[in-house]
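Undergrad: From first to last, the protein sequence lines stand for chains A and B.
Under my numbering, the first residue of the first sequence carries the number 10, and numbering increases by one thereafter.
Under my numbering, the first residue of the second sequence carries the number 8, and numbering increases by one thereafter.
Quick caveat, the hints were computed from the structure, so don't treat them as lab data.
There could be a bad hint or two in this list.
Simulated crosslink set (SDA-like; lysine to any residue; CA at most 25 Å straight-line) [unchecked claim]:
| id | chain 1 | residue 1 | chain 2 | residue 2 |
| --- | --- | --- | --- | --- |
| 1 | A | Lys199 | B | Phe24 |
| 2 | A | Lys199 | B | Ala158 |
| 3 | A | Lys199 | B | Ser235 |
| 4 | A | Lys199 | B | Arg198 |
No experiment lies behind these values; they were computed from the predicted model shown.
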Amino acid sequence: MADDLNHGIIKFNIPPARQAPARGSEGGLIDLSPHLVPAPGRSRLNGWLLRAAAPAVILLAWQLASSFGFVATEVLPSPADIVAAFAELIRLGDLQAALPVSLGRAVAGLAIGGTTGLALGLFAGLWRIGEGLFDAPLQMLRTIPFIALVPLFITWFGIDELAKLMVIIAATIFPMYLNTYAGVRGVDPKLIEAASIFGLSHRQTAWHVILPTALPSILVGLRYASGAALLALVVAEQINARSGIGYILNNANMNQRSDIIIAGILVYAALGIAIDLLMRLLEHLALPWRPKLALA
Amino acid sequence: MLSHDHAVELHGVSRVFAGRAVLDGFALTIRPAEFVAILGASGTGKTTLLRLLSGLDRADGGTVRVPRRRSVVFQEPRLVPAKRVWQNVVLGRRGAAARARAEAALTEVGLADQVNAWPKTLSGGEAQRVALARALVQQPDLLLLDEPFAALDALTRIRMHELVGQLWQRYRPAVVLVTHDVDEAILLADRVLVLSSGRISLDLSVDFPQPRIRSGRDFSDLRIRLLSELGVAVH
Numbered sequence: 010m011a012d013d014l015n016h017g018i019i020k021f022n023i024p025p026a027r028q029a030p031a032r033g034s035e036g037g038l039i040d041l042s043p044h045l046v047p048a049p050g051r052s053r054l055n056g057w058l059l060r061a062a063a064p065a066v067i068l069l070a071w072q073l074a075s076s077f078g079f080v081a082t083e084v085l086p087s088p089a090d091i092v093a094a095f096a097e098l099i100r101l102g103d104l105q106a107a108l109p110v111s112l113g114r115a116v117a118g119l120a121i122g123g124t125t126g127l128a129l130g131l132f133a134g135l136w137r138i139g140e141g142l143f144d145a146p147l148q149m150l151r152t153i154p155f156i157a158l159v160p161l162f163i164t165w166f167g168i169d170e171l172a173k174l175m176v177i178i179a180a181t182i183f184p185m186y187l188n189t190y191a192g193v194r195g196v197d198p199k200l201i202e203a204a205s206i207f208g209l210s211h212r213q214t215a216w217h218v219i220l221p222t223a224l225p226s227i228l229v230g231l232r233y234a235s236g237a238a239l240l241a242l243v244v245a246e247q248i249n250a251r252s253g254i255g256y257i258l259n260n261a262n263m264n265q266r267s268d269i270i271i272a273g274i275l276v277y278a279a280l281g282i283a284i285d286l287l288m289r290l291l292e293h294l295a296l297p298w299r300p301k302l303a304l305a
Numbered sequence: 008m009l010s011h012d013h014a015v016e017l018h019g020v021s022r023v024f025a026g027r028a029v030l031d032g033f034a035l036t037i038r039p040a041e042f043v044a045i046l047g048a049s050g051t052g053k054t055t056l057l058r059l060l061s062g063l064d065r066a067d068g069g070t071v072r073v074p075r076r077r078s079v080v081f082q083e084p085r086l087v088p089a090k091r092v093w094q095n096v097v098l099g100r101r102g103a104a105a106r107a108r109a110e111a112a113l114t115e116v117g118l119a120d121q122v123n124a125w126p127k128t129l130s131g132g133e134a135q136r137v138a139l140a141r142a143l144v145q146q147p148d149l150l151l152l153d154e155p156f157a158a159l160d161a162l163t164r165i166r167m168h169e170l171v172g173q174l175w176q177r178y179r180p181a182v183v184l185v186t187h188d189v190d191e192a193i194l195l196a197d198r199v200l201v202l203s204s205g206r207i208s209l210d211l212s213v214d215f216p217q218p219r220i221r222s223g224r225d226f227s228d229l230r231i232r233l234l235s236e237l238g239v240a241v242h
C-alpha cells in the first residue's frame with residue numbers, strides 16, 4: 010500500500026476512500042487478453058469425456074443395481090440384458106425385417122404429408138385466393154392433436170396399413186404447412202418491390218426471390234415434420250401391428266420381455282437421432298449462404 | 008411516346024394518401040442525361056415522387072411519362088441473401104451471357120473479386136455497390152437514387168459519390184437523386200430542386216464545372232441558399 014502511494018497517486022489528492030479497492034478490478038481494468046488455451050485436439054477430447062461422464066455413471070449404476078439384485082430383472086433388465094436382447098433380435102432376423110417396414114411407413118407418410126403441406130403452404134403464401142381458401146380451415150384443423158384422430162381413422166380406414174399411413178400424413182401436413190406459409194409471407198416486401206423494378210414477372214419473383222429466401226423456414230418445417238412422422242409412427246404401430254418395430258414391441262409385451270421392449274424403444278430413439286442428423290446435413294447443404302453461427 | 012428532349016414529363020400530378028394530397032398539381036420535366044438532385048425535409052413528397060417515377064406507385068391524377076428502362080438504387084441494398092452477388096446483379100437471368108454481363112458491371116463498381124460472394128458477407132458499402140451494378144446492367148435511361156448513400160460511413164460515401172459521378176459521365180442516363188445532404192446534391196447534380204409541401208419551391212441550375220470542391224466560393228454560396236430554403240439559417 011505504501012508503495013502505491015509513492016507512485017504519484019498522492020499528488021492528485023485522491024480522497025482515501027477511492028484508494029481502497031486497490032486489489033480488485035472495481036474502477037480499474039479487467040483482463041480480456043487472450044487466454045492460453047490447451048491444444049484444440051485435447052480440449053475436444055476433454056469435452057467428449059465430460060459429456061460422456063454422466064451417461065457412463067448412470068449405466069454403471071444401473072448395471073450394478075441389477076447385478077447385486079437391487080431391482081428385479083423382469084422390471085428393469087440390466088444394460089447387459091438389453092445388449093443381449095439386441096443380439097437376439099438381430100440373430101433371429103427380427104430387427105432386419107422390422108426396420109425397413111417401419112422406416113418405409115414413416116418415409117411414405119412424411120413424403121405424402123410433407124408434400125401436401127408444402128404445396129398448401131406455397132399456395133396460401135403466394136396467392137391470395139389460396140390463403141382465403143385454405144388458411145382458416147387449416148389453422149382450425151391444426152389445433153386437433155393427431156393422436157385424437159386415431160380411433161376415427163381406424164373406423165374410416167380399418168386396421169391395416171392405410172390407417173397407419175393416414176395417421177403419419179395427418180401428423181406431418183401441419184408443421185410443413187405452417188412453416189412454409191410463414192416463410193413465404195416473411196419475405197421482405199422490399200425485396201419483392203426491387204424484383205418488380207428490375208422487370209421480374211410474378212413467376213420469376215416467386216422462383217428467384219421468394220422461394221430461396223423462404224427456404225430456411227421450409228426446412229425448419231421439414232425438420233418438425235420428420236419428428237412428427239416418427240412420433241406418429243410409434244402411435245400408428247400400436248394399431249394391430251403385424252410387422253415393423255411396433256410388432257416386435259407388441260410381441261415382447263405379450264411375452265413379458267421388458268429387455269426386448271427397451272431395445273425396441275432404443276431403436277425408435279436411434280431413428281430420431283438419425284433423422285435429426287440427416288436434417289442438419291440437408292440444411293447445411295441447402296443453405297450455404299447462411300452465416301454459420303456456432304455458440305460454443 | 009416520349010419526346011426526344013425529355014426523359015421525364017410530369018404534368019398536373021396528384022397523389023393523395025388518406026385524404027391528404029402529398030403531391031398536388033405537380034409538374035417536372037427532366038432532359039435526357041440530366042442529373043437532378045431533389046432536396047426536402049421529411050414528408051415533403053420526395054419519396055412519393057420517386058415511387059411514381061419508378062412505377063412502384065401510380066398517381067391519382069395527371070400525366071406521368073417516364074422511359075421504359077428505369078433502375079432504382081434504394082437506401083438499403085435489397086439483395087436476395089440466397090443468391091450470389093453476380094446472380095443478384097442479373098436477378099432472374101441465368102447462363103454464361105448473364106454472368107458475363109454481371110461480371111462486367113461488378114468490375115465497373117470495383118467488385119470484380121466478389122462475383123461469387125454471398126451478400127451477407129459484404130460490407131455496407133460493397134452491398135450498395137452491388138445494388139449500383141444491378142441498376143447499371145439494366146442500361147437505364149432513367150436512374151433513380153433513393154438516398155443511396157445515407158446509411159454509409161463518411162469515407163465510403165465520398166468514394167460512392169465519385170463512382171456515381173464517373174458512371175453517370177460514361178453512360179449518361181437521366182438521374183434523379185433524392186437526398187437530405189445539400190453538399191451531396193451540389194457535388195453531383197446539374198440541377199437541384201427543393202420540395203416543400205408537395206411543390207417545387209426552388210429549382211436551380213448548378214453550372215459551375217466538375218469536379219466541384221466544397222471549399223469553392225460558388226459551392227458555399229449555393230449551399231447557404233439551399234439550406235435557407237430548407238429552413239436552416241447559416242451564417
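Undergrad: A separate judgement is required for each hint: does it hold in the structure or not?
TA: Against the structure, the hints:
A C-alpha spacing of about 20 Å is found between lysine 199(A) and phenylalanine 24(B), which places the hinted pair at or below 25 Å, so the restraint holds. For the given pair, lysine 199(A) sits about 16 Å from alanine 158(B) by alpha-carbon distance, which is consistent with the 25 Å threshold. Proposed proximity of lysine 199(A) and serine 235(B) is contradicted: the alpha carbons are some 34 Å apart, above 25 Å. Proposed proximity of lysine 199(A) and arginine 198(B) is contradicted: the alpha carbons are some 29 Å apart, above 25 Å.
Of the numbered hints stated above, those contradicted by the structure are hints 3, 4, listed in ascending order.
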